[in-house]
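All chains, please: the whole structure from these sequences, using the hints.
So the sequence lines, in the order shown, correspond to chains H and F.
For the first sequence, UniProt numbering begins at 1 and goes up steadily by one.
For the second sequence, UniProt numbering begins at 1 and goes up steadily by one.
A hint or two may mislead.
As the list claims (entries may be wrong) - Simulated pairs of lysine to aspartate or glutamate, EDC-like, Cα-Cα distance not exceeding 16 angstroms: (1) Lys45/F <-> Glu215/H; (2) Lys45/F <-> Glu220/H; (3) Lys107/H <-> Glu190/H.
As the list claims (entries may be wrong) - Taking CB as the label site, the calculated pair distances span: (4) Glu187/H <-> Glu30/F: 43 to 53 angstroms; (5) Val65/F <-> Pro216/H: 38 to 48 angstroms; (6) Ala163/H <-> Arg15/F: 26 to 36 angstroms; (7) Ala63/F <-> Pro216/H: 18 to 28 angstroms; (8) Pro73/F <-> Ser182/H: 30 to 40 angstroms; (9) Glu190/H <-> Glu30/F: 39 to 49 angstroms; (10) Ala163/H <-> Gly29/F: 28 to 38 angstroms; (11) Gly72/H <-> Pro39/F: 22 to 32 angstroms; (12) Asp18/F <-> Glu112/H: 47 to 57 angstroms; (13) Lys179/H <-> Asp18/F: 30 to 40 angstroms; (14) Lys34/H <-> Glu30/F: 33 to 43 angstroms; (15) Asp18/F <-> Ser47/H: 39 to 49 angstroms.
Please keep in mind that the hints were generated in silico from the structure rather than gathered at the bench.
We treat Cβ as the ideally placed atom computed from N, Cα and C, and that holds for glycine.
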Amino acid sequence: MASLKELKGRINSVKSTQKITKAKQMVAAAKLRKAQTAAEAARPYASRLSQVMGSLASRIVISENSPKLLAGTGKNAVHLLVVANSDRGLCGAFNANIVKAARLKAKALEAEGKQVVFYLIGRKGRAVIRREYPNGIIGGFDTSTVREAGYAEADAIVAELVALYEAGKFDVAHLFFSKFRSALLQEPTEQQIIPVPAPKADAAGKSGDAVVEYEPEEEEILGQLLPRYLKTQIFGALLENAASEQGASMTAMDNATRNAGELINKLTIQYNRSRQAAITTELIEIIAGAEAL
Amino acid sequence: MALHFELVTPARLVRSEDVYQVVVPGSEGEFGVLAGHAPFMSTIKDGVVKVFKTENSPAEEIAIVGGFAEVTPEGLTVLAESVAA
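Next up, the structure:
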C-alpha cells in the first residue's frame, strides 16, 4: 500500500487538476454564450445571400462560359478536403470527431480511385492527417494568431482556396466542420463547397415570377456573388466551429471535474484508512511493549 | 407607403426598418429606391448609403464596403461586406 505521504501528494495533485478543469469549464461556458450570439448574428446574412443566389441561379443556364466556381472544372479527379479544427485542446473528442469524418470521406474517395488532398484550418488535427497523408496537405490556415476567427479570416481562406482552384490543384472541395446543435451535441458535418452546389429551388420559386432587372448582367453579378457566397459558407463554418468547440470543452471539462471529485473522495478514504491502520499498529506496539514489562 | 429597408453584414443585421427612400451607390451609378420599386438587383461599389426616414428629413449616411442590393416587392435588402460603425 502506498505510504501516507504518497497518498497526500496524489490527493493534492488531483485537487489542483480539478481546479484547472473547473476554471476551464467556466471559461468555456462564458465563451460559449458569446460564440453562440455571434453564430446567430451571422444567420440573416447567410440566409439572404442564399436567397439571392437561388433567384439568380434559377435564371442562368450552366454553360461553358459560366463561372468555374459554379460549373466545375469538368473533371472529378482530385478532391480537396477542407478540415476546420480548433487551435486548442481540452475540448474532448471535438477535433478527433472532425478528423475522423474527414478520414472516412478520404478513404471512400480513394476507394473510388480519386486523389485526395487536404487544406487544414486551425492547429489541431494537423499531426494526425500529416501522419496518414504526408504529401497530401497542400495548404493550411493558422487561426491561432487571432482571438476569434472572423470574416477577415474567412476572406483570406477563400482567397487561397480560389487561387488553388484556379491553378487546377483540385476539382471538388468538401468542407468539414462541427455543426453546433447544443452545448451537449456537436455534429461533424460535411459540405460540398466547390463547385458551389445549386441552391434549393424553394428560394428560387419565390421571386421567380417577378421580372427582375440586373445591373450589371446576371453573369457578372454571379461572378461577384460566388466568392462572397463561399466566404459566407466558410465564415459560418468558423463560427459554428467556435461555438461547438466551447460546447464540447464545457462538457468535457464538466466530466473531468466530476471525475476528479470522485478520485479525490476515493483517495481520501484510502488515506484515512491507512492513517488509522498506522495508528492502530502503533498502539498495539505500545501496548504489547507495556505488557511485556 | 413605406419602404422596408434592411442592411445586413456577415457579422450582424445592422438595420431593419421602414423608411421613405434609400439612395444606394450602385456599381453603375447611384440609384434611389422608393416604395413600390420594380424588382431589381445590382452590385454596389464602396460608398455611402443615404437613408431618408421621411420625405423631408435629412439623409442619414451609412458608409459601406462592397456588396449587393436587391429590391423585391417586400423591400430593399443591402448585403454589405462591412459597415463603418
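Now for the hints, and whether the structure bears them out:
1. Lys45/F <-> Glu215/H: Measuring from Cα to Cα gives roughly 12 angstroms; hence the hint holds.
2. Lys45/F <-> Glu220/H: Holds: Lys45/F and Glu220/H sit about 14 angstroms apart, inside 16 angstroms.
3. Lys107/H <-> Glu190/H: Between Lys107/H and Glu190/H the Cα gap is close to 14 angstroms, so the pair holds against 16 angstroms.
4. Glu187/H <-> Glu30/F: 43 to 53 angstroms: Check passed, 45 angstroms falls within 43 to 53 angstroms.
5. Val65/F <-> Pro216/H: 38 to 48 angstroms: This hint is violated: roughly 19 angstroms between Cβ atoms.
6. Ala163/H <-> Arg15/F: 26 to 36 angstroms: At roughly 34 angstroms between Cβ atoms, Arg15/F and Ala163/H fall inside 26 to 36 angstroms, so the hint holds.
7. Ala63/F <-> Pro216/H: 18 to 28 angstroms: Holds: the Cβ-Cβ distance is about 23 angstroms, inside 18 to 28 angstroms.
8. Pro73/F <-> Ser182/H: 30 to 40 angstroms: Taking Cβ atoms as reference, Pro73/F and Ser182/H lie about 37 angstroms apart, which means the hint holds.
9. Glu190/H <-> Glu30/F: 39 to 49 angstroms: Holds: the Cβ-Cβ distance is about 43 angstroms, inside 39 to 49 angstroms.
10. Ala163/H <-> Gly29/F: 28 to 38 angstroms: holds, 32 angstroms
11. Gly72/H <-> Pro39/F: 22 to 32 angstroms: At roughly 30 angstroms between Cβ atoms, Pro39/F and Gly72/H fall inside 22 to 32 angstroms, so the hint holds.
12. Asp18/F <-> Glu112/H: 47 to 57 angstroms: holds, 54 angstroms
13. Lys179/H <-> Asp18/F: 30 to 40 angstroms: For Lys179/H and Asp18/F the Cβ distance comes to about 35 angstroms; the hint holds.
14. Lys34/H <-> Glu30/F: 33 to 43 angstroms: Given range 33 to 43 angstroms: holds, Cβ gap about 38 angstroms.
15. Asp18/F <-> Ser47/H: 39 to 49 angstroms: violated, 21 angstroms
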